[in-house]
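Asks: For reference, the chains in residue letters:
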Amino acid sequence: MNTQPVSPYQSTLENYHQARWCEPLLFEISEAGQRGIIPPPLEAGITESIGDPLQDVPSWMRRTSPPALPEVSQVHVLRHFLRLSQETLGAGLIADMGMATSTVKYNPPVNEQLVHSPKLNELHPLQDEETVQGILEILYRFEQILKAISGMSRFTFQPRGGSAAIYTNASIVQAWHRWRGEPWRNEIITTIFSHPSNAACPASAGFKIITLYPDSDGYPSVEALRAVLSERTAGLFITNPDDTGIFNPKIDEFVHLVHEAGGLCVYDQANANGLLGIVRAADLGFDLCHFNLHKTFGTPHASGGPGAGASGVTEALAPFLPIPTVEFDGTRYFLDYDRPLSIGKVASFYGAVANVVRAYAWVMSLGAEGLRAVAETAVLNNNYLLARMLEIPSITAPFAEGKHRLEQVRYSLEKLTRETGLHSSDLARRAADFGAHFFLSHHPFVVPEPATIEPTESYSQADLDTHAAMFERLVKEAYTAPEEIQSAPHRAAIHLMPDPSYLEDPQRWAITWRAWLRKHGKNAQQSAMAENEASTKKTKEE
Amino acid sequence: MSGENKEIAYPYIPNALPHIRDRMLQRIGVKSIEEVYEMIPERLRFKGKMDLPGPLHSEYELRRHVEAILQKNTSAAEVISFLGGGCYQHFVPAVCDEINQRYEFLTAYSGRAYEDHGRYQALFEFASMMGELLNLEVVSVPTYDGYQAAATALRMAGRITGRKHIIVSRAISPDKLSRIANYSSPFLKIKVADFDPNSGQTDIKAVERLLDTETAAIYFDTPNFFGCLETGINHLTTLAHQAGALCVVGVEPLTLGVLRPPADYGADIVCGEIQSLGIHMQFGGGQAGFIATRDEERFVMEYPTRLIGLLPTRVPGEHGFGEVAMERTSFLKREGGKEWLGTMANLWGITAAVYLALMGPQGMKEIGEGIFARTSYAIRKLAQVKGIRILHLSSPHFREFVVNFDESGKTVEEINALLAQRGIFGGHSLRRHFPEMGESALYCVTEIHTQAQIDLLADTLKEILRS
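Protein chains in written order, with this note's numbering: chain A, 4 to 545; chain B, 7 to 473.
Hints in this document: simulated from the structure, not taken from any laboratory. Please note that the accuracy of each hint is not assured.
[Claimed, not checked] Here are the simulated lysine to aspartate or glutamate pairs, EDC-like style, with alpha carbons at most 16 Å apart:
| no. | chain 1 | residue 1 | chain 2 | residue 2 |
| --- | --- | --- | --- | --- |
| 1 | A | K406 | B | E220 |
| 2 | B | K53 | B | E40 |
| 3 | B | K78 | A | E140 |
| 4 | A | K406 | B | E44 |
| 5 | B | K53 | A | E372 |
| 6 | A | K525 | B | E324 |
| 7 | B | K371 | A | D55 |
| 8 | B | K55 | A | E372 |
| 9 | B | K78 | A | E132 |
| 10 | A | K150 | B | D57 |
| 11 | A | K253 | B | D465 |
| 12 | A | K211 | A | E234 |
| 13 | B | K387 | A | E51 |
| 14 | B | K197 | B | E220 |
| 15 | A | K253 | B | E44 |
| 16 | A | K522 | B | D301 |
| 17 | B | K78 | A | E133 |
| 18 | B | K78 | A | E480 |
| 19 | A | K150 | A | D286 |
| 20 | B | K392 | B | E413 |
| 21 | B | K55 | A | D286 |
| 22 | A | K406 | B | E40 |
| 23 | A | K253 | A | E234 |
| 24 | A | K418 | A | E480 |
| 25 | A | K522 | B | E302 |
| 26 | B | K387 | B | D465 |
| 27 | B | K170 | B | D202 |
| 28 | A | K150 | A | E330 |
| 29 | A | K522 | B | E303 |
| 30 | A | K253 | A | D220 |
| 31 | B | K53 | A | D286 |
[Unchecked claim] Derived contacts from chain B toward chain A, CB cut-off under 7 Å, selection only:
| no. | residue |
| --- | --- |
| 32 | M30 |
| 33 | M45 |
| 34 | N79 |
| 35 | A128 |
| 36 | V144 |
| 37 | Y153 |
| 38 | R266 |
| 39 | Q293 |
| 40 | G315 |
Being a predicted model, the structure only gives us computed values, none of them experimental. Glycine is no exception: its CB is placed at the ideal position from the N, C-alpha and C atoms.
Work out the full structure, taking the sequences as your base and the hints as a guide.
Replies: Structure below.
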């Protein structure tokens, strides 16, 4: 491996150290009388006119003691949260290819400038349509864009996340079968490599879930599908490619068989990053699909939301979409609530609208050629990294071995675990010391000791080399200095949390500061930590 | 590779440059990217060209294009707006925007509790401060919105009690009711309890009539959709408990600097919106919800969301955080988990944490009083206008109230059109969902409204209704 290119980031990898502020909780820096902001004062004219502001409120409804919120100056509130932001490994700081299945890509700041315009920030959702023609136009235009990308007939952006879009699609499938007079169709078929929400969301809508497992090619066989189809089949919820990056080439046969059995087919395209301009949901015969704007379409992941889920349907299913839809009569845009078959509201108002504006700007900046360049480069990057990763001893890519993958790969460190006793989760914790992180897998771990990597189109060859170099180093260390990994992290914002019972034991867990104080007392943390310190006795500090 | 996009250097796609692409392909022994795509059979491939507008490669061009479209909007900040109904124009402190635009928070996702320590701490502090307002020890990370929080809270109540019916007050947002119905239908039967037309509050007699041994929960909001405080909260909670049901209450956090929280009356699950806490309206994009309960295992184990817990690290003086009881969730159990877990609204939770930290107890008291006072003032001023009747006058109001125009002979739309000509967004018409209220509109005032603006509204209405 001495022929590998040396990354210019090699030194970053070796010497990285995250900010470590040991920042106290706001409650711990609170001082009586301090204030962070003064609200607009009540004018004398109002006070004179009405007297006691709470005069209409029965006295027993009034709070007798003020809420014990922290009292902190603005100086310290800002500093506190700036420090916390520095202790957060946002994608902007790193080549964030480890959060696979999430398509973490570049989030252009120009899109932030656009959505922070008062022309969007200060729009009330119930304003008269004449005053919101601009935002309605963007909602309408972006629907046309997603129609072109997917071949579907209509979209809604109301779901406020990808899973919410899956739930929306499940609701539409349900409404369709009821409307057709076949309410007994209550079974949804999915695959184990499809995101957990493809099982959980239809189950939340009342469906029974049947899960198919892959054969050695990495996807379920047509026979496996046939065996579970029946007059109870309501639909198929499937990703393709799934988390292994392997595309099921028989997907059209799957769709055909489900249709023949009377079911609908729902394509989870939360991550469509390898397929833009290559494959369209409608061309494969799907009845519904969804995109995550915070994955494929470049809107930020926002520390875990708001994202946005865009649900797309065929013409036949369009009447069931949530209300309202956005329509255009040739001169003006308007909201249509008059849709009697609609499943109703799936979220308040029109969803996380700012993300539609961001996604619209992202697509406009790239155009059709650019979107294809996104897909092709994401796939190129992934296969480059795959080649580099497989050169590292102990790393394998189960299923379809020796074959290419689309935009991500689920690797396995099983051999390393067998030989060193360390788990992929241990290596993931140690990765924090190199300014990186990686996702293992959704549960259950079908691929043993998993590590799922998705390099998207945003990263350079040097970034990919650096990532491979990190894995190489982790693997080497696992064999030569396993205690470094066991006791990691060393260079992150905090140290190892050795006692997970604090998160599992109802007597000990503390989901708020007040719960912590009740269960453990103010000084309990110090003593518990000292206890841990004494018992671990591993002080491998830099 | 498609595209003779020979010379285009895409600023967002470093490896799209032909010479880099070729170097990488060579390194992995592949002639073209097409070789990789061969795993997708030809018959499944899209042969056409996506019919897309653009591209606007230049950032300036892009900006000009999008801004020109957004320019067609007239924002609430350019006029005097009295719109409410679930989304509110409040003052947003600069520090809130500064923090939620930090690229570290904006672009983080679901890193581990080590490298994303700051994100975990901010979300734990969000829950902890909400816990102080609510007098409860367990608070979720933000849900998609308050509708989802209510819908999930009721599903939780169904699972906790093992019962199948829920009684929902009709004095909540009709859209929220629609979401609750959509989300509950396979598992829970919804019975809607009407409100008392005089007080605008949930009709306790109607609730009593619907209550039985199959009732899992009673649900209402306070303040409710009409801005009325539910002064029967004690009674409703007791009724629920006597029937072996839970009481689930939606509450506005901005009231809790001056009002006792629902838990003080025995509410079992409390939920609501946090958009009021330092988050811009964004045409409804700024919504996010919360769910809170007592710290009892039977409640905690029914949450579908992430819950952040505090724990020690091996170094004294360091706070660590992690995720509590993840076995509950669909991430570990797929369809066997509680509902589902997904990307919801964490950035708004961090923003609300900044807001609550800035406000503190004194700020929350002042803003609560300020809104109560302005609401009372606006009600009095408008009540004096000929042709206007304020409904539900016997109830205490926070932020919103219903204005009826029946005596004026004009429709809400006519009135709002005339107000708009004078730079005022009038209240939202209630006709579609509450036809029995006739020509009524929901008006809203917050801490940003001045006495002069409220007076101007009254004077303008006087003028419009006279003509």
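Asks: If a hint holds in the structure, say so; if it doesn't, say that too.
Replies: Hints, one by one, checked against the model:
no., hint, result
1, A:K406 x B:E220, "57 Å, violated"
2, B:K53 x B:E40, "14 Å, holds"
3, B:K78 x A:E140, "9 Å, holds"
4, A:K406 x B:E44, "11 Å, holds"
5, B:K53 x A:E372, "14 Å, holds"
6, A:K525 x B:E324, "13 Å, holds"
7, B:K371 x A:D55, "13 Å, holds"
8, B:K55 x A:E372, "9 Å, holds"
9, B:K78 x A:E132, "11 Å, holds"
10, A:K150 x B:D57, "9 Å, holds"
11, A:K253 x B:D465, "70 Å, violated"
12, A:K211 x A:E234, "13 Å, holds"
13, B:K387 x A:E51, "14 Å, holds"
14, B:K197 x B:E220, "12 Å, holds"
15, A:K253 x B:E44, "13 Å, holds"
16, A:K522 x B:D301, "11 Å, holds"
17, B:K78 x A:E133, "9 Å, holds"
18, B:K78 x A:E480, "59 Å, violated"
19, A:K150 x A:D286, "12 Å, holds"
20, B:K392 x B:E413, "8 Å, holds"
21, B:K55 x A:D286, "13 Å, holds"
22, A:K406 x B:E40, "14 Å, holds"
23, A:K253 x A:E234, "22 Å, violated"
24, A:K418 x A:E480, "15 Å, holds"
25, A:K522 x B:E302, "13 Å, holds"
26, B:K387 x B:D465, "9 Å, holds"
27, B:K170 x B:D202, "26 Å, violated"
28, A:K150 x A:E330, "14 Å, holds"
29, A:K522 x B:E303, "14 Å, holds"
30, A:K253 x A:D220, "12 Å, holds"
31, B:K53 x A:D286, "10 Å, holds"
32, M30, "5 Å, holds"
33, M45, "5 Å, holds"
34, N79, "4 Å, holds"
35, A128, "5 Å, holds"
36, V144, "5 Å, holds"
37, Y153, "5 Å, holds"
38, R266, "5 Å, holds"
39, Q293, "5 Å, holds"
40, G315, "5 Å, holds"
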